[in-house]
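Chain A is already provided as a structure; the job is to place chain B on it using the hints.
Taken in order, these protein sequences are the chains called A and B.
In terms of the working numbering, the first sequence has 42 at position 42, counting the first letter as 1, and numbering is strictly consecutive.
Position in the second sequence counted from 1, then plus 1000, gives you the working numbering.
By construction, these hints were calculated from the structure, which means they are not laboratory data.
This one's a predicted model, so the numbers in the text were calculated from it and none came from an experiment.
Each hint should be verified, as a subset may be incorrect.
Here are some, though not all, of the chain B residues that point toward chain A, as calculated from beta-carbon distances under 10 Å [what the hints assert, rightly or not]:
| # | residue |
| --- | --- |
| 1 | W1193 |
| 2 | P1241 |
| 3 | P1245 |
| 4 | G1273 |
| 5 | M1275 |
| 6 | R1312 |
| 7 | R1319 |
| 8 | G1322 |
| 9 | R1324 |
| 10 | A1327 |
Restraint-style ranges between C-beta atoms, simulated for each label pair [unchecked claim]:
| # | chain 1 | residue 1 | chain 2 | residue 2 | range |
| --- | --- | --- | --- | --- | --- |
| 11 | B | T1179 | A | G36 | 29 to 39 Å |
| 12 | B | D1190 | A | D42 | 29 to 39 Å |
| 13 | B | D1190 | A | R38 | 19 to 29 Å |
| 14 | B | P1309 | A | A20 | 50 to 60 Å |
| 15 | A | A15 | B | T1179 | 38 to 48 Å |
| 16 | A | M1 | B | G1199 | 51 to 61 Å |
We put the CB at the ideal spot given by N, CA and C, even for glycine.
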Amino acid sequence: MLQLARRVMFALSLAGLIAALFRLRGTGGVPPQSGGWREVTDIDLT
Amino acid sequence: MRVVLAGLGTTGSHIARQLTQSPVTELVLWDPKPRRLDQVLGAVRAVASAHQTITTAKELTPATLGADVLVLGGPAGTHREPAAAALRAGSHVVSISDEADEVADLLALGSLARSADRALVVGAGFCPGLSCLLVSHAAAQLDRVDVINVYRAGTGGPACARQHHRTLKHSGQEWLEGTWIVRRGGSGRDLAWFPEPFGARDCYRGALSSPLLLQPQFPGAHRITARMAATRRDRFTSRLPMLRPPHTDGGPGAIRVELRGRVGQAVETVILGVMDHPSVAGGTVAALAALAALEGRAPVGASGLAGWPTARPLLADLRQRGVRVAAFGGRLTDLA
Chain A
1 MLQLARRVMF ALSLAGLIAA LFRLRGTGGV PPQSGGWREV TDIDLT
Chain B
1001 MRVVLAGLGT TGSHIARQLT QSPVTELVLW DPKPRRLDQV LGAVRAVASA
1051 HQTITTAKEL TPATLGADVL VLGGPAGTHR EPAAAALRAG SHVVSISDEA
1101 DEVADLLALG SLARSADRAL VVGAGFCPGL SCLLVSHAAA QLDRVDVINV
1151 YRAGTGGPAC ARQHHRTLKH SGQEWLEGTW IVRRGGSGRD LAWFPEPFGA
1201 RDCYRGALSS PLLLQPQFPG AHRITARMAA TRRDRFTSRL PMLRPPHTDG
1251 GPGAIRVELR GRVGQAVETV ILGVMDHPSV AGGTVAALAA LAALEGRAPV
1301 GASGLAGWPT ARPLLADLRQ RGVRVAAFGG RLTDLA
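If we strip away everything but chain A, and leave its shape as in the complex, we get (with noise of 0.2 Å):
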């Protein structure tokens, strides 16, 4: 029981630790920070 605990506690460690690196150091990327909807006109449909 108490070492079935203590895996638990480990595995849940592990993931958290894990976690926080890619919390820490990962990047989600960022978003287009130009461009955007544009009306199509004349010259375009010429």
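Frame of chain A, contents of chain B only:
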């Protein structure tokens, strides 16, 4: 130039109004509801030009159907028989139906249309219709089209809202690597960004007809999909009857088409969109398709608007009538 317009719901009445702003000399209106017929007749006569004759028909007989063009503007599911009868009577036909089964049946009338030397324009409304024009215009910017994704949001009149409800409930087909795959309606959530101020909406699969119309025109594409915007309540209640009557007009709506392909060796993405009332924009598309058929610009046989040689003239005409297309341009180099 004699045009018969069958079906005067929300979209149908917009088709009638648009046809009065055209060289059509005789417009015959028909609707199964006499009261609705009188209402639209009065409204259309008020804006018609002096050279135009606006009349009504009591029923759709072969004589009535023998016009230059028959525009089927009524609810989806009512277009098959009149389309076939009109082709046999020598008319061009424009249908706004977006029901997948009916679109497939109408496309199957291609041999009849070709033997009659007439055009059968299938899915000439908002989506499909305007969406097909956007796909065609976007595809012209690519050397090779690999992926086509179509998204739509909003509905036209009550009949369109009921069709939206049915569409979400039923399975639809997607084209994937050379074969049709059946996908469950309401699955495949995808967040689509429509032109502002419409913004982002969750979109889902359904019994949508766009892939059926686009695949014959883009046989080399690996993937052709379509999704429609829906809320959690729409998905939850899609298996039930409609719990309350739909709105008179379910607009505004929007379309987004996303094409991936190649220009030379480079992989490119082209995104086009529209934000408008589906009934207004769809009615305008149908009216312009009818005028193109009258002038002999519509290809003989049965096809959607993506099958036309070029979308630019129709998009330019739509722009003149107030339907504005937008292109999305983002720079991927900004990604960290």
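Quick one: which hint numbers does this structure break? Sort them smallest to largest. 2, 3, 8
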